[in-house]
Amino acid sequence: MTRPAPATAAAGTGTGPPPAARRVRRSLAPYAYVAPFFTLFAAFGLFPLLYTAFVSLHRVELQTPGVMEWRGLDNYTALFSDSYFWTALRNTFTIGVLSTVPQLAMALGLAHLLNRRLRARTFFRTAVLLPYATSVAAATLVFAQLFGRDFGIVNQLLALAGIGPVDWQTGTVASQLAVSSIVVWRWTGYNALIYLAGMQSIPSELYEAAELDGASGWRQFVHVTLPGLRPTIVFTTVVSTIGATQLFGEPLLFEGSVSGGISHQYQTLGLYLYEQGWGFFHLGRAAAIAWVMFLLILILVGANAFLVRSRSRKEAVR
Amino acid sequence: MPTARAAATTGIRAGTPTALARGVALRLGAVALAGALLTACGSGAQPEDAAAGAGAKVTVTVDLFGSFGYKEAGLYAEYEKLHPGVTVKQTDTEDEQDYWKSLQTRLAGGGGLADVQGIEVGRIAAVTQQQADRFEDLNAYGAGALRSSFADAKWSAATTKDGKVLGLGTDVGPEAMCYRRDLFEKAGLPTGREELAAQWSTWEGYLELGRRYRDHAPDKSAWLDSVGSLYAVMTGQEKERYYDAAGALVYETNPAVRTAWNTSVRAAQDGLSAKLDQWSAPWNQAFAAGSFATLPCPAWMLGYIKGQAGDAGAGKWDVAALPGGAGNWGGSYLAVPRAAKHKKEAYALIQWLTAPEQQARLFEKQGSFPSSTGAIAKVADVKDSYFSDAPTGRIFGDAAKAAPVQVLGAADKTIADQITNALSEVERKGTASDKAWENARKGVRNATG
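Chains as they are written, first to last, in UniProt numbering: chain P, 1 to 318; chain Y, 1 to 449.
Because the hints were derived from the structure by calculation, they are not lab data.
Be aware that a few hints might be false.
What the hints assert, rightly or not - Under the rule of at most 16 Å between Cα atoms (straight-line distance), these lysine to aspartate or glutamate pairs were calculated in the EDC-like manner:
{"id": "1", "chain 1": "Y", "residue 1": "K442", "chain 2": "Y", "residue 2": "E252"}
{"id": "2", "chain 1": "Y", "residue 1": "K164", "chain 2": "Y", "residue 2": "D137"}
{"id": "3", "chain 1": "Y", "residue 1": "K161", "chain 2": "Y", "residue 2": "D133"}
{"id": "4", "chain 1": "Y", "residue 1": "K442", "chain 2": "P", "residue 2": "D82"}
{"id": "5", "chain 1": "Y", "residue 1": "K220", "chain 2": "P", "residue 2": "D150"}
{"id": "6", "chain 1": "Y", "residue 1": "K343", "chain 2": "Y", "residue 2": "D137"}
{"id": "7", "chain 1": "Y", "residue 1": "K365", "chain 2": "Y", "residue 2": "D311"}
{"id": "8", "chain 1": "Y", "residue 1": "K429", "chain 2": "P", "residue 2": "D167"}
{"id": "9", "chain 1": "Y", "residue 1": "K413", "chain 2": "Y", "residue 2": "D95"}
No experiment lies behind these values; they were computed from the predicted model shown.
Isolated chain P (complex conformation):
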């Protein structure tokens, strides 16, 4: 596949291709190599993105997808006065914080433990990745059972401690905690392994030096491990933020409700998009929400990058 075309090869017999042709070929080759990826990306990434933008400017119903009625930016302006949209935005943020912060903190602790000399180290390292290998659907359905109001094991355990049954589906805080716990369970091990990889690239001399200076284990963690892990932490934060913004499967399957509970109490943006598009069949509005989410993620990632850059610049000055 990577051999040069026979015609060019024949033309160059004996003397070899003229330098100019060779230069052209060499400069074109990289493009040819990346072309397959970008063809696929154009078909399955770029085109849907642009077509979604096109759809978001129309009134389109799933039941009659052929009929498109121009609405301009009305779908977007309607979102600003749509209280369900703001609820979903707020829920996405709170569930995002409730799931990302404990997830990354626990992953960091877990990685620190796994980084020590342990018996059966490989076993533990593999074990923490297992939740990641479970499907969202399976994990969520099991968690929904655990968090059942009448027959759930969580409430049974709470009852042992004398705490009355919690309605994990109906309460705003309770339901968001329950949904977040699924995310935390699934992704903690995954992040722990990424942190572990980062920790292993920190030179051991730094720890030896710290030990000579009489630094305790905790101080070593704070002053050697954490700074060394900075790029890794930034990376996991960015990825988790994107993941949290797109959160969908867990809240959808938690009760099987597209409205994210009876009062939309745990409806995320992704779920609201789905409710508009596939619950109410308003594809135009759903497309507008999709684009708002896209822009939101761009802003979040941009802000993240900006913060990181300004911090490293400050440190460089120091």
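Position chain Y relative to chain P; hints supplied.
For chain Y alone, kept in the frame of chain P given last:
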């Protein structure tokens, strides 16, 4: 989310050589998995197509929701015996809301449709008004001759203005009240169906009995499964609900909707409900646990109760006439989408399934009440041993005769779903009635606007 995390794999690469190797391995694994899935799909599709080409064997696919009970009643097996070479394959989604979403997506995409699709009566107006071009006009297959054998209202609801017949009626949903004899006994309530029917001849009487039950009930057992089901049967007793006869949206001002709402709110505030969400997993579990003593039941619910309560529930349940008069909740149609692969065979199957003999048998075994007039006459004397030998043929037959012919609208189900959600807020969170009603209106505007 998976896409974002996949990008992370490439991210590790910047780290160490071992991480690079791991990244590559992960990606290779993903490719292998995708390949395996593709081949799995491919091999699944091929033999069937080949067989259809030979003309010897046909697999007719049927996609349904809830519990139609054809398989349970052995009707597919019998059809396959009568028609050698035909195999019937059924898929089933428990919750009609999920089913409808997936059906609409497939109709819009034009692929993945079964040869026979079930349609709930709350959706049939949407189909005849908006999607007539997506389904076969069954007149082309000779359905016209069947008209006289179906109840008039059932037939006309699936007929478009220009006379296309888009579905054949399966069952109707005459309503009654199912109750647990054993739990009633424990709470010191009468258990005779005639006596109960007299005591709860009005909804007021039903709530009064409920309060008595609440005060003497066994632990963890409520009078009613959810106020949503109470609301649903009550609106089933009305001719006009969300639309008037002229097709205008009137749910906000319709006193009938308001009465059903108020009664449901009172049931919630009096603590009569087990606060369950119908069709959810906890609701299913509650059948076996005896979490509720009464369940407003359209005829098709009998099959569902049998399925969920199982053999242990046999003889514990009974059926009495519904408080407040006769009504209808649900009932369905079978339709053949334009995009179906085996239309002729599909029509032959639905004609057979909806014929009087099969409808009558389905009622005897599963409880789905026939929409075919011939079948209704046949089942008048049926008793159901599971339900303490209740004369279900007579109870549901009377209800079917007296039930009003309802005005159907395209957004019936959507509106009902939003109102039921708001009622759950009253029931489970103690939201004030007015606030919840406001939420329901807001939800309906958001859904239909």
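Against the structure, the hints:
no.	hint	in the structure
1	K442(Y) <-> E252(Y)	holds, 11 Å
2	K164(Y) <-> D137(Y)	holds, 5 Å
3	K161(Y) <-> D133(Y)	holds, 13 Å
4	K442(Y) <-> D82(P)	holds, 10 Å
5	K220(Y) <-> D150(P)	holds, 9 Å
6	K343(Y) <-> D137(Y)	holds, 11 Å
7	K365(Y) <-> D311(Y)	holds, 14 Å
8	K429(Y) <-> D167(P)	holds, 9 Å
9	K413(Y) <-> D95(Y)	holds, 13 Å
Figure legend: structure checked against the earlier numbered hints; every hint is met.
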